[in-house]
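Line order of the protein sequences matches chains A and B.
With my numbering applied, the first sequence closes on residue 482, and no number is skipped along the way.
With my numbering applied, the second sequence closes on residue 482, and no number is skipped along the way.
No lab work stands behind these hints, which were simulated from the structure alone.
In this text the structure is predicted, and so the values were computed from the model without any measurement.
Do not rely on the hints blindly, as some may be mistaken.
Since the list gives no way to pick one copy over another, a pair counts as held whenever it fits inside one copy or between any two copies.
Claimed, not checked - The calculated lysine-lysine pairs, modelled on DSSO-like cross-linking and capped at a C-alpha distance of 30 Å, are:
{"id": "1", "residue 1": "K388", "residue 2": "K449"}
{"id": "2", "residue 1": "K141", "residue 2": "K117"}
{"id": "3", "residue 1": "K84", "residue 2": "K260"}
{"id": "4", "residue 1": "K84", "residue 2": "K41"}
{"id": "5", "residue 1": "K113", "residue 2": "K388"}
{"id": "6", "residue 1": "K203", "residue 2": "K260"}
{"id": "7", "residue 1": "K260", "residue 2": "K449"}
{"id": "8", "residue 1": "K113", "residue 2": "K392"}
{"id": "9", "residue 1": "K109", "residue 2": "K317"}
{"id": "10", "residue 1": "K317", "residue 2": "K388"}
{"id": "11", "residue 1": "K84", "residue 2": "K109"}
{"id": "12", "residue 1": "K392", "residue 2": "K41"}
{"id": "13", "residue 1": "K41", "residue 2": "K449"}
{"id": "14", "residue 1": "K260", "residue 2": "K109"}
{"id": "15", "residue 1": "K84", "residue 2": "K388"}
Letter by letter, the chains look like this.
Protein chains: 2
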Amino acid sequence: MIFELSKEYLEALQLAFETGDVAFVRDTMEGVNSADISALLDEVDSDTAKFVIDILNDELGADILEDLEDDTRNKFLEKFEPKELAGYIIEMESDDAADVINQLPVKKREQVISHINDPETAAHVMELMRYDDDCAGGLMAKEMIVANINWTVVQTIEEIRRQRENVEKIYSIYVVDDHNNLQGKVSVKKIILSSDHTRIQDIFDEDIISVETYLDEEEVADIMQKYDLDAVPVVNLQGKLVGRITIDDVVDVITEQAEEDMQLMAGISSDVEEDDSIWAISKARLPWLLIGLVGGMLGAWAIGYFENDIRDNAALAMFIPLVMATGGNVGIQSSTLVVQSLANKSVFEDTFLKRLGKMILIAILSGVVLGAFSFLLVYVVNGSSQLGLVVAVALQGVVLLASFMGTSTPLVLDKFGINPALASGPFITTTNDILGIIVYLAVANLLL
Amino acid sequence: MIFELSKEYLEALQLAFETGDVAFVRDTMEGVNSADISALLDEVDSDTAKFVIDILNDELGADILEDLEDDTRNKFLEKFEPKELAGYIIEMESDDAADVINQLPVKKREQVISHINDPETAAHVMELMRYDDDCAGGLMAKEMIVANINWTVVQTIEEIRRQRENVEKIYSIYVVDDHNNLQGKVSVKKIILSSDHTRIQDIFDEDIISVETYLDEEEVADIMQKYDLDAVPVVNLQGKLVGRITIDDVVDVITEQAEEDMQLMAGISSDVEEDDSIWAISKARLPWLLIGLVGGMLGAWAIGYFENDIRDNAALAMFIPLVMATGGNVGIQSSTLVVQSLANKSVFEDTFLKRLGKMILIAILSGVVLGAFSFLLVYVVNGSSQLGLVVAVALQGVVLLASFMGTSTPLVLDKFGINPALASGPFITTTNDILGIIVYLAVANLLL
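Model the full assembly from the supplied sequences, consistent with the hints where possible.
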């Protein structure tokens, strides 16, 4: 049922492009899902991809364009004349149409819109283009079934018939008053099971969750996830129904958010993928590496400060990595738990003090276990119980400090509206490296 | 529209519980969404929660039980008699019912099932309990509208009427032959717009994507996400329709997976949350901390091996943290990109050699930049151009090695069916720490 793509097929397709073998494309792509064709076209050059799309019908072409990856689509849109693009745009859902047009250079946008020969579609697309990408307005589409509260079931069915080409899938039927203010929803099931002359106002459900156009996309995702919604209506500030968001778009938001958080944790400063250019990847990675370098220099300065102690007891240097690594690990563990807890906001957040208290207890527990182990290990390796004690005491201090930094940094960032995932990455590691070194050498200075 | 919970309300609820004020609960919870009540009950003790659920009707109680967090529900289920639980189970969708029952001790499971007085529901739940949690069978529910291919539209509407209490929301109507083999689907829109005596076989859509019961939940999520499905039918090995999975359950799978990956990256070995017990959190964190400790001891051993060099030139020790940190950062960046690329499998994966080639180029580029900077920094701090050269050369080597480890480890883990996110965490950091130290001190030994 699911299209399996082989290297052989890709080669045959390339050959078909070179020889202009239209029949091959038409035959082999018959009945294949657009998402599979998109995945295929992500792998070929723009000219071959355009060759394929030109052969297929506009509706399928539009679906494919929607599904292409952003980078591929970007290169690819250049190949099309504004008029050709307008043909595909008309076949798309309004939200995808707006996204595609927004990817074009400003001048080409206007040309494409001027070629959209259906004024309603053009108006919808232009309306949606106004919204920022990352808010409810940027996610919503205009295609939906809306029933007036005074209608009967048969009038509503008439509306479904009128919209049957535009609305691919009916989620709920939204109910509005004469001023287009959202009043509720009625399920398709109820429409089917009610007699023709039943009035919508007698069967509709007033309990409806809606979002406002300017709500952040992540909050939209949270709401849809919490209430298990597969679609949510969008209203403007005046409570008028302006669109609807479906769960498939929100799934993409959730996935992208998770990837972004993971990259922040890893110290990658912008959204790159493994198949991006060497330059793009290096540019995203170097900032944090350079910050790490500066952190390393601060560490060097700290060690330099205790140089005499190390000269007196060279074995001291041996355990710098151990202390640093433990500080880094503890810090990342702590901050990750806080970041995840901030992401799954519960009704009542623990207070800062309660969080710190718990953190301290966990740190003491871990510190005791790690301290005991490290004492043994150092004693076995080095034979000095005094050095073992230094390491054990230092570890306890480092674990406490690293836990504190790991717990408080994301909370502070979150307070200032900065993504707390930033804290779980190189920032925490770098800070804890330096703190770890200082604590360790200071303890050694005191105890040895 | 969305219920806002205040600390005051929570206190008033606690008081209502103590004084047995049933009316307060009934009045204030009227019309509140079950997801909000669940979020509220996650914050109170089990006795108060049971008090609230007992007051509300069984249907709402069932919705609340479904939505509770696993930990809360676990404590909470103990409070109910098997017979009470059976009352809620009957009101749940079959997949949620099976999940709840599977949370009970084995003996209680049987008692609850024996109290389910609807044999069809009992059979459904028992069927679903057989499947592993993390496969399609474990995600699917039995509630769906199924039409025989030989039926007419009016017969299908009759089936919808018959099932109206069971099937809360109609996604698609699945079409089967006389042997219950899945043939396709028909949209509700088509049912509404077709005349009563139209035959299903004339209007149904043969193109349907289905999954088999034993497909892994993450693959189910990938398929639903790729094809933008809001529901997918599940068939057994014989192609017979046995259930359907809806997108809301898959959204949970995606979210949990992202959280799990993030925790693996942070060196947290089991699924814990910030509000879990101190013991649970410590237990999840200590294994990687101890492994880090062992790694630190190996680092100590490496430094010990070069002890004479450090004794001769104590300034050498200063730059151990810098080299270690850079190795760790580069390793995590590399492995994260590979992990994400493995998660978003494209049709053709780059070969191992192509990946390595690209990685080497990026590593050389980063290494040159970092090397140049570190040379300057060391020269400024330490005044020794020779030591600057050692650090710069060592960094180039460390960046190369760390990139290699970061790129290859997740690929190897993935080959063996182990979650590659494991590689982005403390494992990579620890390995790179040790390699970094060895490379740095070996370079110093050669050049100084």
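Checklist line | Structure versus earlier hints, numbers of those that do not hold, lowest first | finding: none
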